[in-house]
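Residue numbers (my numbering): 1250 to 1951.
Simulated from the structure, these hints should not be mistaken for lab results. Wrong hints could be hidden among the right ones.
What follows is a set of in silico ranges between Cβ atoms, one per label pair, in the way DEER data are often shown [claimed, not checked]:
(1) E1854 to R1938: 16 to 26 Å
(2) E1613 to F1775: 47 to 57 Å
(3) G1251 to Y1541: 22 to 32 Å
(4) K1523 to R1794: 31 to 41 Å
Remember, it's a predicted structure, so these values are computed and weren't measured experimentally. Where is the CB? At the ideal position from N, CA and C, for every residue including glycine.
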Amino acid sequence: MGQKLVIVESPAKAKTIGKYLGKNYVVKASMGHVKDLPKSQLGVDIDNEYNPKYITIRGKGTLLDKLKREAKKSDKVYLATDPDREGEAISWHLSHVLKLRESEKCRIEFHEITKNAIKNSIKYPRTININLVNAQQARRVLDRLVGYKISPILWRKIKWGLSAGRVQSVALKMICDREKSIIDFKPKEYWTIECELHKKSAVRCFNAKLTTFNRKKIQIATKEEADKITEDLKKGQFIVKSIKTTCKNKTPLPPFTTSTLQQDAYKRLNFSTKKTMAVAQQLYEGVDVKGYGTVGLITYMRTDSVRISKEAQEDCRNFVIDKFGKKYVEEKPRNFKSKKKNIQDAHEAIRPTYMKIEPDKAKENLKPEQYKLYKLIWNRFLASQMACSKIDVTSISIVDGKYGLKVSGSRVKFDGFMKAYEYTTEDEKSNKALPKLQEGELLIEKSTESKQHFTQPPARFSEASLVKTLEENGIGRPSTYAPILSTLLDRKYIQREKRTLIPTELGNIVNNILSEYFKQIVDVEFTAEMESKLDAVEDGKDDWRKVVDEFYKPLKKSIDVAEKEVAKITIKDEVTDIKCEKCGRNMVIKHGRFGDFLACPGYPECKNTKPIVEELDVKCPKCGGKVLVKRSRKGRKFYGCSNYPKCDFVSWYEPVNEKCPACGSYMVKKYNKTRGNYLECSNSECKYRKYDVEENKDEKIK
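Could you put the whole structure together from the sequences, leaning on the hints where they help?
Following this line, the structure appears as structure tokens:
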């Protein structure tokens, strides 16, 4: 039996797959794409049916030579790149490099890196799906035309180095429009009234909210109205009018898609979309787990489908029965349907590959972030096949003359899937356990309080809510959400502020130009329609060159107009009070590829620059020097002494000017989901914590 060559994308995947296949198989990695459009030019022949000009990516020549040599020695070549459009395009390029026939059944596809999945894929190779390749080519050419035709306008009119991406521009407009609506928002005053009530025979109180007057919804606009109603309520009697208890079935959420995983990891683990995808990739490609060897722990993590295989479903149900008992599964397996149109249902939802590898069993072999994400994925999938939770919801109607009040409470009757994965709806957050009451019962009022409120503007986007909105509007695909955000942040079009995304001055300027001169590019419906057209190319229902042509012709007209009409815009540098040591001018903040820095505005006469030093109002616990905010090589924030290397003080957590009352060590700021911000003793042997932290009480300390 001769040698067989299997080519995957990453070395980690090659290592895992190599252990599953026998000694007759050689597994090599292409290290991602091997060919692409050139960076130095457009690389698309506009006059010749938009033919792309692919070249070998710099540095990949030696690798391709090695793959060619291995292919010549092999009886069979299998291309096992990722199971999506991009992966299909990589296999297509590799097939050309290795001179494989078009009819060659060389492409193998798997959605989980397990022994059975790999061996089954080898049994059923197929030819390369040219429709998938064309859909990817269309996307690549469209993005190149937008980027290389519009970006130079931004360079000439604003500053060098800016970019205008086809999908990122829509996301930028969403963020800018949201910020404008917040600025333009005019709050309206309104009042609410709550009564604190209790039974005659008990002191335990509960709050009932005023909802109606003469059986019509009540709206209180001024303090005068609120005061009058409060006085009226105090004069009357509170009587229980009706009590209604219903048992509601609470259904578990479906297994994760790329979008929902990014949203939940952001909310529950505080992972950025970029970090979520990086860690998920590691779990997919394979991890050494004690007792199991090298194994891919999750299925493919770029998917918009909630479908799961029957085998995985049955495996999960059996696990639930063994662990919790039969009452924790429904009689029939639960299947989920996507609410979205045009999903790529070739992939399953994101799920664990082996239910028997519980998170805690794998914990010692996983990095902390891998364990947290794996546990989140594992629990969500487990819960998706468990029985509904049963919750008794009690709604009590109370009257005081013509006024009507309501209070709701809930009690978990059967925990069901919440044993594995709990989530709370807005209604459930406000529901509390209530005392036992009877219809017609007279209640005692302890207090009645009116509160002033103002209508709130729409919330700024967080990474999670932006990803959700992009998905709901059909913008981008699972693989693009993280790069969209990274690009907007890297280009300084947006910035993070208290876990929300706000546009910078530069972002607003770029968005204004794009919105005025390239309306189609930033139009949500147009961009979503383009995604549908790419799907049609993938399905073989449309020609990719025709799709590109229909897009480019009106774009070209807009470019010609913008070239003539867009005026030169100068963005002034932010001036600081820091003096230049060489010439005495006030230094300004500049933005470079490695971050912000200080520079003398007298350039080129004075070329003085220096890094921006962020200083805390805290003395070094070791030497009394200044504590500076620094960054590690990977960009993580830490705190060190300005007297380094003489003083070696360093901390991952922000120190404060407060000593531990228990042992005298310095205290640091930390955050806990349940209790919020708190201070903790830096001495690992001392467990002292202080939870009454006023600063940033509602916002996570970073």
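Hints versus structure:
1. E1854 to R1938: 16 to 26 Å: Given about 55 Å between the Cβ atoms, the range is violated.
2. E1613 to F1775: 47 to 57 Å: holds, 51 Å
3. G1251 to Y1541: 22 to 32 Å: Given a distance of about 31 Å, which is inside 22 to 32 Å, the answer is holds.
4. K1523 to R1794: 31 to 41 Å: holds, 33 Å
Hint check: a violation occurs at hint 1 only; the rest are consistent with the structure.
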